[in-house]
Structure formats: C-alpha cells, structure tokens
Amino acid sequence: MTSTVPQAVPAPKPTVTGGAPLLEVDDLSVEFRTDYGVVKAVNGISYTLAAGETLAILGESGCGKSVSAQTIMGILDSPPGFVTHGEIRFRGEDLLKMSAKQQRDIRGEEISIVFQDALSSLNPVFTVGAQIGEMFRRHRGASRKDAKASAIELMDKVRIPSAKERVNDYPHQFSGGMRQRVMIAMAIALDPAVLIADEPTTALDVTVQAQIMDLLAELQRETGMGLILITHDLGVVGEIADRIAVMYAGRIVETGATDAVFTAPAMPYTEGLMASIARVDQKGQRLNPIVGAPPNLAMLPPGCEFAPRCPRATDLCVAERPPLREIVPGRRSACHYAEEVLGA
Amino acid sequence: MARYIARRLLLAIPVLIGASFLIFAMVFALPGDPIRALGGDRPISPAVQEQLRDQYNLDDPLLVQYGKYAGGLLQGDLGTDFSGRPVADILEQTVPVTVKLALVALAFEAVFGLIAGVLAGIRQKSFFDNLVLVSTTLVVSIPVFVLGFVAQYVLGLKLGIFPVAGVASGFQGYLLPGFVLAALSLAYVARLTRTSLAENLRNDYVRTAKAKGLTPLSVVGKHTLRNSLIPVVTFLGADLGALLSGAVVTEGIFNIPGLGRAVFGAIQTQEGTVVVGIVTLFVFVFILFNLLVDVLYAALDPRIRYE
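Chains as they are written, first to last, in my numbering: chain A, 1 to 344; chain B, 1001 to 1307.
Simulated from the structure, these hints should not be mistaken for lab results. Keep in mind the model is a prediction, meaning the values are calculated, not measured. Backbone N, C-alpha and C define an ideal beta-carbon position, used for all residues, glycine too. Hints may contain errors.
Stated by the list, open to error - Straight-line alpha carbon distances no greater than 30 Å define the calculated DSS-like cross-link-like pairs of lysine-lysine that follow:
id, chain 1, residue 1, chain 2, residue 2
1, B, LYS1222, A, LYS97
2, A, LYS101, B, LYS1100
3, A, LYS145, B, LYS1125
4, B, LYS1222, A, LYS164
5, B, LYS1222, B, LYS1158
As the list claims (entries may be wrong) - Facing chain A, from chain B, some residues (calculated, C-beta under 8 Å):
id, residue
6, ARG1008
7, THR1208
8, ALA1211
9, LYS1212
10, GLY1213
11, ARG1226
12, ASN1227
13, PRO1302
14, ARG1305
Said to hold, decoys possible - To list a few chain A residues with every Cβ distance to chain B over 12 Å, as calculated:
id, residue
15, TYR170
16, MET274
17, PRO308
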C-alpha cells in the first residue's frame, strides 16, 4: 500500500469502538499570552464528530474557530498559544496527552487540514508533486518514485487536468482553484479519518468555490471521513453540513442540525447572521447587519458576550453568562431566552 | 540561462574598462612625485629621474598614459612596478595567498554565522538568541584593527595557540587572520539568518509542513531554511569582494604577503600599474560573484527565472 492511493472504498481503518464518536472536543480552552495581556481565544468549547459526518463551525473572523482547528491539529504556535483546559479525544484517546512523536504520527495520517490560502500554504520552492508525495515519504516510507506516482494519482483524483505533466510544476504555476485542489490532494493523501477544512473557499472565485465544495463533499462520500468545515459562509454551510456549531467570542453559542438551525435559530446571534444574508427575494432592500463589533477577547465581560449587540438583551444577560444548554432534543443554545427566540 | 550569463559577462567588459580608467586617474591625481620618493633620503640624479619618468611614461598626459597602459593590457602585458618586476608575477604570488585567506574567512562566516543564526532564529527570545544578539552587536562595534591586534596578542603571543604572524607555517597561519577578517561579516550573517529564518517560520507553508506530521528538523531544515537563505546568499556574495579589500588591514596586521598588502604598498609608492592591476581584479571578482549570486537565486527559488 505504499505506491497506490486508497480507492473509493470506505477507509479500512479500525472502526469506532462502542459507538464512541471519532473526535470529541471536550471543554477546550485556549489562550494567547501576549505582551498586551491574555487573549482568551477559545473558552470551553465542546463538540463531537462521527465518521461520515459534516460539522460546520460557523462564526465571524476572530471568534476562535481557526484557533480551535489548529489546536486539534496540534500546530498551535506555542508560545504565545496555550491550551489551558480540556481534552481532544481521537478514537477515545486524548491527543493533548500524547507524546510529540505520537501526535506527529497522527497528523496528516489520521487528521489533516486544508487551509484557506493555498498559495501561501504551499511551499513555493518545492514542486506540487514533491509536496503531495511527502505525505507518503513521511508516513509510509515510500521511495521518491512511488511517492511521485501516488501524487499523480491523487492529482487525478482531485481532477487536476494532465496530472502527469503538471506533477513537476511549482505552486505559482497553478490557478487559485487548482492550488486548492493540490492542498486537498495533500490532505486526503493518506485517507485520513478526519479532515478539517479551514475556510477552504474563502480565497477563491465564487464559481470555483462551488467546485471545491463539491469535490470535498464527493471525497467525503467516497471515504467516509468526518469533515469539520470552518467557515463564515452561510451558503456553503447550508449545502453540505449535517450539523452546525455557531461560535461567538471563543464560545459555541448554538448547535443543532443544519436545517433546524437555518429555519429557526435559537440564539439571537444566529438569528442576526441569518438576517444579514443578501437574499434574492429581498432585492432592493437594505441588508440587515449585526450592529457593533465582537468583544475584545483580552477583556471579556462577565455576562453574555453578545449582550452589547443583542436586541433582546436584559439586565440578566449583562450580569450572568448563559450556559450552553439543551433546549429541544438535538438543539443547544447559550441564551437565557432561547425558547423565546426559537418560538419567535 | 546560458544566454543570460553570457550577456552579463559581456556587460562586464565596459565596466572593467571604466573602472580601470577611474583607478588609473586616481593614482595619477595623487600628490607627490613617485620617482623622487624612490630614492628616499639619498636624492637620485636628475638624469636618472628623467630616464625613469620616461620609462614609466610619467610625463605624458593622463589619457596618453592610460592609452599606453591599456595597449599593453590588450597584449597581455600588465606592466611592471618601479623595480621592474612584472605585475603578473606579483599577482601570481599574492592571489593564492589572499584567496586562501578569503576562503578561510568565508568558511568561518558561512558555518558559524549560519549555525548561530539558525539556532537564534528558531528560538527567539531564548538565552542563546540573546547571546547571539549581544555578541554580534559587540563584534560589529569593534574596529577590525583592534580585534586583529587583540587576537594576535592574546591567542598568538600570550597563549601561543596560533602563529603570531605570517603564513610560513602553512594552513595554521591562515586561521587567526581568517577569523579576524570574517568576524564582522560573521556577525552580519548570524543576524541576517536569524531575522530571515524567524520571519519565514511565520509563513503559512511552515504551518502546512507541521500539519503534515513532519519532524521539527524537517520543518526547519527542509521547508524553511532554503527560503530563508536568499538574503544570506546575497550578502555572502557581495561580501566576498569586501573580504578581499578588507584583507588590506588584516594582511597588514598579520604580515601576510597577499593582495591587500601588495596594493597598500603600491598605493604608498604610487605605482599606478600595480594598483590598477590589483584593483581591477577586485572589480572583476565583484562582478563575477554578483553574477554567481543571481544564478544561485534561481537555484534557491523556482519563481525566479532569467530569460
């Protein structure tokens, strides 16, 4: 199995025992210790991911969604970043407690990531073939020749035209969409159990965005991997996500099945997000942005972080932070008035 | 690529002609009479002076003098010094010495500068990083002749680890002067490498390399260092020329019979042909190494291509 790319058969990897989820993030907190103070980027988030499932993590810039992804990958820059609390269990084992070598063996092999900007995320001085093939060389001990053959197969798989000729090209010789395909080829090379896509389409043209999302969805169907899709693009979420976790100021403020959250949000922030999308049937009307800006993560308020921007905020919201609680089966919301928001 | 190199080499010809003329003109403009100075305390008879002036064309106007010199040059004749020794002979004796010295210095710079820079760059704000910052600042602040004499006195004379002066003992004699010659540039290389590596480590593709499960050695050594070396290579290439001219002081201190000492002596005695010969050689080396640096760029970074 060193020279061939796993074909379109569900991964022949150890299956999840006892129905435990593939990946469990449990009460994870991450902070950055900077010269200007401690920035609490992620504050006690929990979620689970099952094989074959797509979880979308939705939120605006700086809400901690990318930081949590990097923490799962174990590539958080430390210092300044530190995990202060929580566990990240992969197949039941806490990644954070593993040795550096164990973590490295899982990275790329079992859990891999696609970054937002493929141009800067690919090394400019190596050919794409070498960069894709490196996965096989590092984790499978493949020879240069076999690694290159595998790289060509993968480039075919992610539908890069004339892969055989282009395998020796450098990243700058590809278009944006093709570069992102190279990134994806690299990430899925070893048939990982979990793929994290960190805003995979943000840097691309709209037409190319759709192609990349289709490719990701297709690859997931083929391999049965769990997909964590980090995005601020609601349109993308609606199409391929099974479940959504909405993040705000380092916390998960709402979770639920995609359709349910889309049709009836249970948290005013989610409500605001839905209302702010440009819609064809509201042509000519003004957009409804959420007024104000997210709080400074170095000085979080004691109450609900969204309260200063929330149209429903009361004294209770300012004084007391609402916990994330189950409001109806399968739905959780961190709002004191979740039931009212849901019913509205 | 071959065409690019050929074009650059052709461009070097007018540069060399211009440079040699400028140097010739500067020696011409030096105050004092080189022939009278030849005699020192014992004056030379006017007849002999006249004969010598005539022999070295010293009474001709600048352009005529240069024309005669350039004419000889085209026939492969570099001229002679005032004692009749051909400049070609001087070069033959001094060039190997200075090249050895410069190579020893370059090796010091590249090896120690790069190692110090890499170690400081990967662990910024660590003890070692601060050590590198402080020590390089110190070295940059010390004039080379002070460093040279101190090194000579302590390591050569007092401790006797290295020969005090000269290169009669062979390779050993080059080590201390090579280090002194390299010290300043070594400090620059260390700082340049440190900054460049630290900057490149923040690149997204380094994050990608980590996400692939590569070892820290591979992340730094394979994915970061090559990109970080571009400014360092630029510096080293340009610096080799500076090493040759910097050798004037170092060769003086350690009494090394190289190009630097020869050119210094020739300037003092206003032997134009010797000065022009050696300095033009410096210029040529400079041009050659700049070209080499440009070629190395393309090897280091595939985004750079020459037509």
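Structure-based check of all given hints:
For the given pair, LYS1222/B sits about 28 Å from LYS97/A by alpha-carbon distance, which is consistent with the 30 Å threshold. Of the pairs offered as hints, the one joining LYS101/A and LYS1100/B is violated, with about 45 Å between alpha carbons and a cut-off of 30 Å exceeded. Restraint check: the Cα-Cα separation between LYS145/A and LYS1125/B comes to about 42 Å, which exceeds 30 Å; the hinted pair is violated. Restraint check for LYS1222/B and LYS164/A: satisfied, since their Cα atoms lie roughly 25 Å apart, inside the 30 Å limit.
Under the criterion of a C-alpha separation no larger than 30 Å, the hint pairing LYS1222/B with LYS1158/B is inconsistent with the structure, at around 44 Å. At a threshold of 8 Å, the smallest CB-CB gap from ARG1008/B to chain A is about 24 Å, leaving the interface hint violated. Interface hint status for THR1208/B: upheld, as the beta-carbon distance to the closest one in chain A is roughly 5 Å, under 8 Å. Because the closest C-beta pair between ALA1211/B and chain A is about 5 Å apart, less than 8 Å, the hint holds.
Checking LYS1212/B against chain A by beta carbon gives a least distance of about 4 Å; that is within 8 Å, so the hint holds. At about 4 Å, the closest approach between the beta carbon of GLY1213/B and any beta carbon in chain A falls short of 8 Å, and the interface hint on this residue holds. For ARG1226/B, the suggested interface contact is upheld, since its CB lies about 5 Å from the closest CB of chain A, less than 8 Å. For ASN1227/B, the suggested interface contact is upheld, since its CB lies about 6 Å from the closest CB of chain A, less than 8 Å.
Interface restraint check for PRO1302/B: the shortest CB-CB distance to chain A comes to about 5 Å, inside 8 Å, so the restraint holds. Checking ARG1305/B against chain A by beta carbon gives a least distance of about 10 Å; that is not within 8 Å, so the hint is violated. The claim that TYR170/A lies off the interface is violated: its Cβ sits roughly 5 Å from the closest Cβ of chain B, which falls inside the 12 Å cut-off. Distance check for MET274/A against chain B: the nearest CB is about 32 Å away, which clears 12 Å, and the non-interface claim stands.
At roughly 33 Å, the least C-beta separation between PRO308/A and chain B is larger than 12 Å, which holds for a residue marked as non-interface.
Violation of the numbered hints given earlier is confined to hints 2, 3, 5, 6, 14 and 15; the remaining hints are satisfied by the structure.
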